[in-house]
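Novice: Given next are the chains, with one letter for each unit.
There are 2 protein chains.
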Amino acid sequence: MGVPLNGAQVFVHGVGTALPGPPVTNEDIAAHYGMPTVWRQWVDEFIGTRSRHLAVDLGTGKTSHSLTDLGEIAARGALANAGVAAGDIDVVVMSTATPDHLAPSTVSRIAGRVGIAGVPVYQLQSGCTGAVQALEITQDLLRGGAYRTALVIGGDTSAKHTSPDVDAASVPLEVQVNGLIFGDGVGAAVLGTAPAEGRPVLTHAHSRLVGAGRAPGQTVYWFGRAVSGEDGVPASEDFKAIETTAAPMAADALKHLLHELSWDAEQVRYILPPQLSARMTDRTLSHLALPGSEPISRVTEIGNTGNAIPYFQLELLLPRLNPGDRAVGISIEASKWIRSGYALEQPATA
Amino acid sequence: MGVPLNGAQVFVHGVGTALPGPPVTNEDIAAHYGMPTVWRQWVDEFIGTRSRHLAVDLGTGKTSHSLTDLGEIAARGALANAGVAAGDIDVVVMSTATPDHLAPSTVSRIAGRVGIAGVPVYQLQSGCTGAVQALEITQDLLRGGAYRTALVIGGDTSAKHTSPDVDAASVPLEVQVNGLIFGDGVGAAVLGTAPAEGRPVLTHAHSRLVGAGRAPGQTVYWFGRAVSGEDGVPASEDFKAIETTAAPMAADALKHLLHELSWDAEQVRYILPPQLSARMTDRTLSHLALPGSEPISRVTEIGNTGNAIPYFQLELLLPRLNPGDRAVGISIEASKWIRSGYALEQPATA
Numbered sequence: 001m002g003v004p005l006n007g008a009q010v011f012v013h014g015v016g017t018a019l020p021g022p023p024v025t026n027e028d029i030a031a032h033y034g035m036p037t038v039w040r041q042w043v044d045e046f047i048g049t050r051s052r053h054l055a056v057d058l059g060t061g062k063t064s065h066s067l068t069d070l071g072e073i074a075a076r077g078a079l080a081n082a083g084v085a086a087g088d089i090d091v092v093v094m095s096t097a098t099p100d101h102l103a104p105s106t107v108s109r110i111a112g113r114v115g116i117a118g119v120p121v122y123q124l125q126s127g128c129t130g131a132v133q134a135l136e137i138t139q140d141l142l143r144g145g146a147y148r149t150a151l152v153i154g155g156d157t158s159a160k161h162t163s164p165d166v167d168a169a170s171v172p173l174e175v176q177v178n179g180l181i182f183g184d185g186v187g188a189a190v191l192g193t194a195p196a197e198g199r200p201v202l203t204h205a206h207s208r209l210v211g212a213g214r215a216p217g218q219t220v221y222w223f224g225r226a227v228s229g230e231d232g233v234p235a236s237e238d239f240k241a242i243e244t245t246a247a248p249m250a251a252d253a254l255k256h257l258l259h260e261l262s263w264d265a266e267q268v269r270y271i272l273p274p275q276l277s278a279r280m281t282d283r284t285l286s287h288l289a290l291p292g293s294e295p296i297s298r299v300t301e302i303g304n305t306g307n308a309i310p311y312f313q314l315e316l317l318l319p320r321l322n323p324g325d326r327a328v329g330i331s332i333e334a335s336k337w338i339r340s341g342y343a344l345e346q347p348a349t350a
Numbered sequence: 001m002g003v004p005l006n007g008a009q010v011f012v013h014g015v016g017t018a019l020p021g022p023p024v025t026n027e028d029i030a031a032h033y034g035m036p037t038v039w040r041q042w043v044d045e046f047i048g049t050r051s052r053h054l055a056v057d058l059g060t061g062k063t064s065h066s067l068t069d070l071g072e073i074a075a076r077g078a079l080a081n082a083g084v085a086a087g088d089i090d091v092v093v094m095s096t097a098t099p100d101h102l103a104p105s106t107v108s109r110i111a112g113r114v115g116i117a118g119v120p121v122y123q124l125q126s127g128c129t130g131a132v133q134a135l136e137i138t139q140d141l142l143r144g145g146a147y148r149t150a151l152v153i154g155g156d157t158s159a160k161h162t163s164p165d166v167d168a169a170s171v172p173l174e175v176q177v178n179g180l181i182f183g184d185g186v187g188a189a190v191l192g193t194a195p196a197e198g199r200p201v202l203t204h205a206h207s208r209l210v211g212a213g214r215a216p217g218q219t220v221y222w223f224g225r226a227v228s229g230e231d232g233v234p235a236s237e238d239f240k241a242i243e244t245t246a247a248p249m250a251a252d253a254l255k256h257l258l259h260e261l262s263w264d265a266e267q268v269r270y271i272l273p274p275q276l277s278a279r280m281t282d283r284t285l286s287h288l289a290l291p292g293s294e295p296i297s298r299v300t301e302i303g304n305t306g307n308a309i310p311y312f313q314l315e316l317l318l319p320r321l322n323p324g325d326r327a328v329g330i331s332i333e334a335s336k337w338i339r340s341g342y343a344l345e346q347p348a349t350a
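In order, the protein sequence lines correspond to chains W and H.
Using this note's numbering, the first residue of the first sequence is number 1, and each one after it goes up by one.
Using this note's numbering, the first residue of the second sequence is number 1, and each one after it goes up by one.
Only chain W is shown next, with the shape it has when bound in the complex (with noise of 0.2 Å):
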């Protein structure tokens, strides 16, 4: 399927994002398990991330920030981005990995704290392309009718996945990796069909499964440190096959995206790639062939937020939108391998 014809225009009304604590550099993470200056070299020059943020305090162990915590913070940036009251919300979708619980769900307890009642909140089990699940998902609902004005919500935090107390030298090399590429955060943007002066518009989401006779490159397993301690492993990646795939994976979601779209590749005037590590990013965004485009990256900084991603890259992206400019953003996810983009166009002035 093509970009709808009918339908009604789905705008970015606002983005509000959340931080736990101060950033976390390759330096404090060094000096806090006690690893040699040539392990963070290698850091530095094999993912390139340089810091992010965590909900748990690694000298005390304690969890400085539930996903609920985080996501009030973001939710409510949103609204008052967005300049729209709680009570002016339809339907709330939300997207993570890492849910405070099972039951209830997160969305639900960040809807109760905002102060959102008496509508549909739905949370996506998801991965690294969660939030553009969440934006295609509430594009469709918007577009069809069934609401006016949505908040989206998407983050991870890593905490429960997260051994303070931990001999890092004794870990396998994927845990360490693991441990260095995420960051913990939230994010959330209010989406909506009235038009809203220098908002851009939602041109387009989706997300395909092309896991078929791929085996899974990411697998989170339910137990965290408070009850694993270190006899299991939390998650498991596939690093080889990311490294081959997610390049080549990228440059397909961006081709479909354009075509979809109609759009030619010269007229992206910004792209918003993965956010796997700070090196894969890099080796990404020489795959897209989008010559006249300018990234806009948060991994050196904030690592990989998972089911955040967009929200802080759209946080940078919309104050220096002009009108007329378009910019597309891809994620992909390794999980069972889910490719995904999406494209935003700033209205040309009246």
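One thing to keep in mind: the hints can contain errors.
Same chains, same names: a pair is fine if it fits in one copy or spans any two.
Said to hold, decoys possible - In silico SDA-like links for lysine to any residue, alpha-carbon gap of 20 Å or less:
1) Lys255 with Ala235
2) Lys255 with Gly145
3) Lys62 with Ile296
4) Lys62 with Ser236
5) Lys240 with Gly213
6) Lys255 with Gln267
7) Lys255 with Val119
8) Lys255 with Tyr270
9) Lys255 with Gly118
10) Lys255 with Pro22
11) Lys255 with Ala117
12) Lys62 with Gly145
What the hints contain is simulated information worked out from the structure, not anything from laboratory work.
Model the placement of chain H on the given structure of chain W, informed by the hints.
Specialist: Frame of chain W, contents of chain H only:
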């Protein structure tokens, strides 16, 4: 919002379900845990549920079926019942409180197994109203024209929360109750806008978060027996709040549903009530003022199957429907309190 007057009609093309293993009766459970006769009498009286199916073998402690395993069977059943090929599915929407992993999503694994590829796959993290939320989203996506044919899936397995080797007499009462009221199972349905001869229309589905000012009635934690052992309680319920709140909230859900449909209570031929426990279902039915209606309930034989509930009820309902028959389903989620309802109507013959 009321029922949209525009948009396509959504038909229920087919339903499929899956239950693990043979039924496990209260006698089986009493014998396994060495509980006295008086305990079983208490269960029969105050819970009323007589049997359920479990994805864990009480004798060996081994998990016999994953949620993916059951989901595959239910999905294949729904496709066969609908006469629809996997390749004709445009979108998949699943709901569960108990996914096999945090990533990949269980829906993407089920889609992979049944041969659905290249389409969006969504998984809601949800409690007992999850199936209605999935029906609601799918209905809105289909009506809005985003898709033509959808597969919806819902189910739960409590295997991660079951402790076959526990000393049951030492377990808190609410944990005992959880072990008795829940049953494992998955259901699925094919919904589509193509007219389907002899199949009902999903007239309306809606869910509303109504937890403002209420403490959560149910909390389910991430961890299960595999890692938690007996250290922690895997789930907690406020059964007193559920007992006093669920039945009136169900009546409220019915009132809102009929109002949005402009249906009279006398026009409802079948009622698909909540399935918390056999006793609570009876209690709730007495609160639902539907004098001429016949209840369609499975709770006594299969327990509370969570996100699978409506599919097991629809499986019984569909063959009974005569032209012009109307049915309503009600579901209440105690977690952060969501009320939901849905309505079906068999088209009158031409």
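Novice: Please name the hints from earlier in the document that this structure breaks, with their numbers sorted from lowest to highest.
Specialist: Violated: hints 1, 2, 3, 4, 10, 12.
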